[in-house]
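Just so you know, the sequences run in chain order W and G.
Under the working numbering, the first residue of the first sequence is numbered 1, with each subsequent residue one higher.
Under the working numbering, the first residue of the second sequence is numbered 1001, with each subsequent residue one higher.
Rather than coming from a laboratory, the hints here were simulated on the basis of the structure.
Don't take each hint at face value.
Lysine to aspartate or glutamate pairs mimicking DMTMM-like chemistry, simulated, CA-CA at most 25 Å apart [said to hold, decoys possible]:
id : chain 1 : residue 1 : chain 2 : residue 2
1  : G       : 1194      : W       : 144
2  : G       : 1196      : W       : 163
3  : G       : 1721      : G       : 1655
4  : G       : 1392      : G       : 1377
5  : G       : 1660      : W       : 27
6  : G       : 1035      : W       : 144
7  : W       : 167       : G       : 1377
8  : G       : 1196      : W       : 106
9  : G       : 1496      : G       : 1007
10 : G       : 1660      : G       : 1007
Ranges between beta-carbon positions, derived for each pair [to be verified]:
id : chain 1 : residue 1 : chain 2 : residue 2 : range
11 : G       : 1740      : W       : 207       : 35 to 43 Å
12 : W       : 160       : G       : 1740      : 34 to 42 Å
13 : W       : 159       : G       : 1652      : 20 to 28 Å
14 : G       : 1552      : W       : 64        : 22 to 30 Å
15 : W       : 205       : G       : 1392      : 56 to 64 Å
16 : W       : 71        : G       : 1570      : 45 to 53 Å
17 : G       : 1570      : W       : 180       : 37 to 45 Å
18 : G       : 1028      : W       : 99        : 23 to 31 Å
19 : W       : 39        : G       : 1014      : 34 to 42 Å
20 : W       : 99        : G       : 1530      : 49 to 57 Å
21 : W       : 27        : G       : 1099      : 24 to 32 Å
22 : G       : 1028      : W       : 71        : 40 to 48 Å
23 : W       : 179       : G       : 1495      : 39 to 47 Å
24 : G       : 1022      : W       : 3         : 55 to 63 Å
Heads up, the beta-carbon is just placed ideally off N, CA and C, and yes, glycines get one too.
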Amino acid sequence: MSARAFYIDYSRCIGCESCVQACAECDTHRGVSMIHLETIQRRESVQTAPQVCMHCEDPICARVCPADAIKKTPDGVVQSSLKPRCIGCSNCVLSCPFGVPKYQAEIDQMMKCDMCYDRTSVDKKPMCATVCPSGALTYATGEEIQRSRRGIAINSWKFGKEEVRTKVFVIVPRAVERVHVDLVQISDTPAALPADPYDVALMLGGVE
Amino acid sequence: MAKLPVDVPELVKQFGPTLNRVPAGGWLASEEEDKMVKTHCCFCGQQCGIQLRVRDNKVVGWEPWEDFPFNFGKLCPKGVKRYMQDEHPDRLKRPLQRVAGKGFEPVSWDVALSRVVSEIYRIQQTYGNDAFALLTGASLTNEKAYLMGKFARVALRTANIDYNGRLCMVSAGAASKKVFGIDRSANPWSDIPKAKVILVAGANIAECAPITTDYLWQARENGGKLIILDPRLTPIARNADLYIPVRPGGDIGVFNGMLHVMIEHGWIDRDFIGQHTTGFEQLAESVREYTPEYSARIAGVPAEMIVRAAEMWGPAPTSFLLHARGIEHHSKGVENCVAAINLVVASGRIGREGCGYAMITGQGNGQGGREQGQKCDQLPGNRDITNPEHRKYIAGVWGVPEESIPGKGLSAVPLVEAIHEGKIKGLISICFNPMVSLPDANFTRAALEKLEFYVNIDFFLSEAARYADIVLPGSLMEEDEGTTTNVEGRVIRHRKVLSPPGEAREDWKIICDIAKGLGQDEKFNYGSPRDIFEELRIASKGGVSDYYGITWDRIEKEYGIFWPCPEVGHPGTPRLYEGGKFGHPDGKAHFTPVAWRPSAEMPDEDYPTILTTGRVVSHFLSGTQTRRIGGLVDQYPQPMCEMHPRLAEKLGVQDGDYVKVESRRGQVVVHAQIVKTIRPDTVFIPYHWPLDRSANNMTIRAIDPVSNIPEFKICAVRVSKAEEPTDAIAQLEVQAGGVR
């Protein structure tokens, strides 16, 4: 098993889609990418976010699969669905808190990121984390990350009341211990939202 | 008569651009390769290392090259998908000749070459040698760039050769020469993460030099601060410590204003200035009037931003300046760069670890392509064609009388104007698609239509090649070997991965064949690109860009070598100006005062909005290559007009609406993309597309008086809501110039 792990630093992402293009290059994917690059709200900002499978310690996708088609390897990588078993029901698609599995209608099967198992199982870096120009996706040792990043790496999440631990780490500011994702009623909390941080017109303050 | 032989839709049907989405032999075929070749990406001046997988003389895929000490395996989407232009259905494999009413028909090499030679003779005998011109490219290898310069001066004996680096690096180069005496980035990229403050001026690094992003982020992890100057909040600006949304053309306001504040606070290095520079007093005098308030009016930003920038840059212990086309593509491009570089020299932070500056070359061989003598005023080794000593040396290398070498010729834009005026009658172009990349595209088209004879050498039938009388099928980067010089000044080697398909030939062979047809066998008798490089080494010896100590074997062993490298035992020069020793004969940096002046065309009542143009991450330059690769076209299929919601509201335009953008010279109809990340007085359209989708329909043919770079970054337009266009061009696929 590799001493290296997968790290995501959303703050570094530049939305270039190298990860998406490189993932699709994999022979086993045959032109279909298993990584999602989310453009948050292009009107408001240039923020983008790459999403690989987080490889949960106790994967919800596997738990909810009625056909027992989703398996985890001994080294903790959650695989795509097994073709003979997958019934295409999309339970996994609906249940994943990270929105990772996608149902591929053409092949009637769920496919998702398997952290380039063909590469990582022989201690090569996953394709997306090799090509990523910004270092938003990195495959490295914990020591390398500590040395090279200001933030810290965590793998503990809370979605509402559900706690999740993942094999993949995210890099966050030092004070953060767990990423807490909750539903927020935006209309109730306008004051809590920053006032258009990326609006160039506001930055100019009437000077043009 | 270089007019279209048949209409555009018919040409598109025959020659594309069509999209390739699958590797040669299909996805599974790439499971096992015969060999893996370490080479470099052909897109952009960073020249990232990559390994191409080859089977049965076909590129079937790639692997990262993690050892190459620039990109360490990293690639942008263009590099990832680059190999999809191999085995492409649009690939030109036979020489073609124009047949009016039919299109293009294949002919033999003998027929094509003898026609080229006889037309060169006819035109030069009728109108004079200079009536036949060459337009070449900055994505050619050093060997080919050298060959093109020699071909023009020795075989064609024409003064009129210039290259498309004229649209790219010449403002930066001229400014560097003026201040430092050398045209090259001063530092290796490994200095960037060591800088405590980085100023990025007019460089959309995330999209145009994506690999450099990691160097910026490393600097930030080390506690470095980032200042970004750009009319658009680009992906790197999102993380900036200070983002200055400068008005296009207002950059000098920021630079001179910063210097004003720095001098006022004593944030300059008086000792360094005293020992290693000239002209500081005049410079200080010239920025006296640039108070933050005055500067802010020029720059179109709040004065506090300029003060803040000076506070960050001025007292920093280490610093790095990066600039690119955003400040260079102006009719005052050289002045913009000089004003930026003045900030570096005044701080004394250059020629040391973590201290310096770099211009980000855009084209594949943006650095090397501008050194080997394919510029209209230049001889190899970055020598000056008007300097008698330089002429004499090169005449000796070439074995020709010095007086036979023509003088300074026309640069790209005046050269095309001379075609339009009927002074130039014949043209060979290679690695250049002026129909998309030159400003004022309607003028360019009218000029090409006036040529009596036009030869285009390319691997795809580009939009310009459609106007050719003869099209000669050349080679992709991976089908030939040679060297390029990357953004840092590092000379690297491109490997031959496979042979050109069908009857296509290596570019250098085509040029040598034409030269031989012109009776110059002896001077163009090369057996391989390595032979050309050996001659280039000698030709560059003693020049500013001295390659004499660089050999192909050394490049391979040492992961590239930085010029100058005057002797074989010399280690090369990753960092210039160490010890404050500059490139001018007096060894000093020469401060040059610059004053702001308006751009050639400022917005007015009729055309109230500023248009600025640039690139997107998934396309390269005129798109001849990237508009043929499925994954890259899917990522950004067609140009969109970025505008701020405030402007959109004024115009009554919703996101996704069709808008007409028109200047005094031309127009496009494209979709509007409404974003808050751009100044409300400015719209942005990327320029990679042709015909009715070409941003260069609107741009202005104004050039910088020194560098002759066109003013791509500002012209005046009016924008209005439009109906969906339904004409024949609009019906084409998006990569061909259609709209959806």
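Tell me, which hint numbers fail for this structure?
Per hint list: 2, 5, 6, 7, 8, 9, 13, 14, 16, 17, 21, 22 and 24 violated.
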